[in-house]
Structures are given as structure tokens and as C-alpha cells.
Amino acid sequence: MEVKKADFIMSNTDVSKCPKERLPEYAFIGRSNVGKSSLINMLTNRKSLAKTSGKPGKTQLINHFKINDNWFLVDLPGYGYARVSKSTKKVFQKFITNYFEKRLQLISAFVLVDVRHEPQPIDMEFMQWLGENQIPFSIIFTKADKLKPAALEKNVAKYLDTLTNDVWEEAPHHLVTSSSSGFGKDEVLAYIDSLNEVVNSGE
Numbered sequence: 001m002e003v004k005k006a007d008f009i010m011s012n013t014d015v016s017k018c019p020k021e022r023l024p025e026y027a028f029i030g031r032s033n034v035g036k037s038s039l040i041n042m043l044t045n046r047k048s049l050a051k052t053s054g055k056p057g058k059t060q061l062i063n064h065f066k067i068n069d070n071w072f073l074v075d076l077p078g079y080g081y082a083r084v085s086k087s088t089k090k091v092f093q094k095f096i097t098n099y100f101e102k103r104l105q106l107i108s109a110f111v112l113v114d115v116r117h118e119p120q121p122i123d124m125e126f127m128q129w130l131g132e133n134q135i136p137f138s139i140i141f142t143k144a145d146k147l148k149p150a151a152l153e154k155n156v157a158k159y160l161d162t163l164t165n166d167v168w169e170e171a172p173h174h175l176v177t178s179s180s181s182g183f184g185k186d187e188v189l190a191y192i193d194s195l196n197e198v199v200n201s202g203e
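Counting from 1, position 42 in the sequence shown corresponds to residue 42 in full-length UniProt numbering; the numbering is continuous, with no gaps.
Hints listed in this document are in silico derivations from the structure and should not be mistaken for laboratory results. Since we're looking at a predicted model, the values are computed, not measured. Glycine included, every Cβ here is placed at the ideal spot set by N, Cα and C. Treat the hints with care, as some may be off.
[Claimed, not checked] As a list, the in silico PhoX-like pairs of lysine-lysine whose alpha-carbon atoms are at most 25 Å apart:
id, residue 1, residue 2
1, K47, K146
2, K94, K17
3, K47, K102
4, K66, K4
5, K185, K5
6, K4, K51
7, K51, K94
8, K5, K94
9, K148, K158
10, K94, K20
11, K66, K146
12, K5, K20
13, K51, K146
14, K148, K94
15, K94, K158
16, K5, K17
17, K146, K17
18, K4, K20
19, K185, K148
20, K102, K20
21, K154, K185
22, K102, K66
23, K66, K20
24, K51, K154
25, K4, K185
26, K51, K66
27, K66, K47
[As the list claims (entries may be wrong)] Estimated spans, in silico, between C-beta atoms of each pair:
id, residue 1, residue 2, range
28, V15, D186, 30 to 36 Å
29, Q120, L61, 21 to 27 Å
30, D14, E153, 41 to 47 Å
31, A150, Q93, 34 to 40 Å
32, N165, D186, 37 to 43 Å
33, D193, A151, 26 to 32 Å
34, T97, Q120, 16 to 22 Å
35, A171, K146, 18 to 24 Å
36, L104, E169, 25 to 31 Å
37, S194, K51, 14 to 20 Å
38, N98, H173, 21 to 27 Å
39, R22, Q120, 22 to 28 Å
40, N98, E153, 17 to 23 Å
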């Protein structure tokens, strides 16, 4: 798939006000500062479609982007170490869970994980919550360019081993990316394209 068109549609905190179109939707979420905005800009060939910031917690709304006029990319607030008040964080968590529980157009979530780090409890808890609520998701490992190939492979394998030992019988689908080099871009878009084909075929 080639992204020829990417348009910002709306931002809000109320799931009921999200776009009414019955287009397939893919939600990107992860801990603050995991490189989500950079990944979205890389996937869409746009330098500033999603706003990047050195300050964790920049995304504080549900942001809808229409891609090629036939699917939505959804940029959700980062969870975890965002520098926001506890009361604001509770609101984040509420509308994030509302989105996942109520958004019928959602086909899959993509949980972003910085491949350089050990498995974080907050990531593991969030993925477990998705599983318990039967919400399909894949893991996207980010910042692959920060590691040498052998270390990258070792870290991914270790992360997946931790998941299968602690929570899952089988590791979730995963992809490896680098926003700075473009690594993994084609694989992510091809995966979304394959899911769109299934949706459109009515299977």
C-alpha cells in the first residue's frame, strides 16, 4: 500500500463524536515518548501530520486521520509517564478505555514499544487488558535504528519470550520499525492493507 492522501479529520475526547463513517480504523497507542507521532508521520509520508514533541504526553486527544479516503489512522494519547496531573490522567484513561470498548469501526490496535527497553509493567498490563476485552492488537517495536541488528533481534525475542511466559500462550503479532530510517514502513502498511481486504470482503 502507498499512502497517497492523509487528511486530519478531527480531535476530541468523546467517542460518540468520532467520525460516523463505517471505514476500518486502526488505533496507535503506547507509553509517552515511544515515538508514536514520528511513526505516524513516517507511515503517511508527512513531516508534521502528527505533532511531535520532546515533552512526553503531547497527544491528549483522540485524533482521526483519513488515509487514502478508505481507512482511518487514530492517534491516541500516550499512557504512562506523561507530565500531566493525576486528574487529567484519569480522564485520559477513561476516554481511552471508552474508545476501545465502544468504537465499532476499530479493526486493530497497534501497541508501540521502544525496542531498547525491558518489558515495562504498564505495557504488559495494557496488553493484558486488550486481550481480556478481546480487542485485536499487534505490537510495533519502535526505534530499531538505535540498536545493532544482533541486539535488535535479541531484544525482540526476549520481549516476546516474556509475553509468552507471563501472559500469553502465543505471542501477539509484531512488527519492527524505525521512523528515522523508514525501516518497517512497508510491512506495517501491507499488514493494514491485508486487514482492510478481509474487512472489505466481508469475512
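Here is what the structure says about each hint:
1. K47 x K146: holds, 20 Å
2. K94 x K17: holds, 15 Å
3. K47 x K102: The hint is violated at about 31 Å.
4. K66 x K4: Holds: K66 and K4 sit about 11 Å apart, inside 25 Å.
5. K185 x K5: holds, 16 Å
6. K4 x K51: Holds - the C-alpha atoms of K51 and K4 are around 20 Å apart, at most 25 Å.
7. K51 x K94: holds, 23 Å
8. K5 x K94: Given that 25 Å is the threshold and the Cα spacing comes to 31 Å, the pair is violated.
9. K148 x K158: OK: K148 and K158 at ~15 Å, within 25 Å.
10. K94 x K20: holds, 21 Å
11. K66 x K146: Status violated; Cα separation ~30 Å.
12. K5 x K20: holds, 20 Å
13. K51 x K146: Holds. K51 to K146 sits at ~22 Å (cutoff 25 Å).
14. K148 x K94: Violated - the C-alpha atoms of K94 and K148 are around 38 Å apart, more than 25 Å.
15. K94 x K158: Distance of about 31 Å is beyond 25 Å: violated.
16. K5 x K17: With a Cα-Cα distance of about 23 Å, the restraint between K5 and K17 holds, given a limit of 25 Å.
17. K146 x K17: violated, 39 Å
18. K4 x K20: Within the cut-off at roughly 23 Å; holds.
19. K185 x K148: Within the cut-off at roughly 19 Å; holds.
20. K102 x K20: Holds, because 13 Å separates the two Cα atoms, which is no more than 25 Å.
21. K154 x K185: It holds: about 21 Å lies between the C-alpha atoms, which stays within 25 Å.
22. K102 x K66: Between K102 and K66 the Cα gap is close to 20 Å, so the pair holds against 25 Å.
23. K66 x K20: Satisfied, since the Cα-Cα distance of roughly 12 Å is no more than 25 Å.
24. K51 x K154: Answer violated: K51 to K154 is near 31 Å, above 25 Å.
25. K4 x K185: It holds: about 14 Å lies between the C-alpha atoms, which stays within 25 Å.
26. K51 x K66: Satisfied, since the Cα-Cα distance of roughly 16 Å is no more than 25 Å.
27. K66 x K47: Roughly 16 Å separates the two Cα atoms, so the pair holds.
28. V15 x D186: 30 to 36 Å: holds, 31 Å
29. Q120 x L61: 21 to 27 Å: This hint holds: roughly 24 Å between Cβ atoms.
30. D14 x E153: 41 to 47 Å: The hint (41 to 47 Å, Cβ to Cβ) holds, given that D14 and E153 are roughly 42 Å apart.
31. A150 x Q93: 34 to 40 Å: Roughly 37 Å apart at Cβ, these two residues keep to the hinted range, so it holds.
32. N165 x D186: 37 to 43 Å: Cβ of N165 to Cβ of D186: about 31 Å, so the range 37 to 43 Å is violated.
33. D193 x A151: 26 to 32 Å: Because 30 Å falls inside the window, the suggested range holds.
34. T97 x Q120: 16 to 22 Å: With a Cβ separation near 19 Å, T97 and Q120 satisfy 16 to 22 Å, so the hint holds.
35. A171 x K146: 18 to 24 Å: holds, 22 Å
36. L104 x E169: 25 to 31 Å: Distance hint for L104, E169 holds at roughly 27 Å.
37. S194 x K51: 14 to 20 Å: Taking Cβ atoms as reference, S194 and K51 lie about 29 Å apart, which means the hint is violated.
38. N98 x H173: 21 to 27 Å: holds, 25 Å
39. R22 x Q120: 22 to 28 Å: Given about 35 Å between the Cβ atoms, the range is violated.
40. N98 x E153: 17 to 23 Å: violated, 38 Å
In this structure, the earlier hints numbered 3, 8, 11, 14, 15, 17, 24, 32, 37, 39 and 40 are contradicted, and the remaining ones agree with it.
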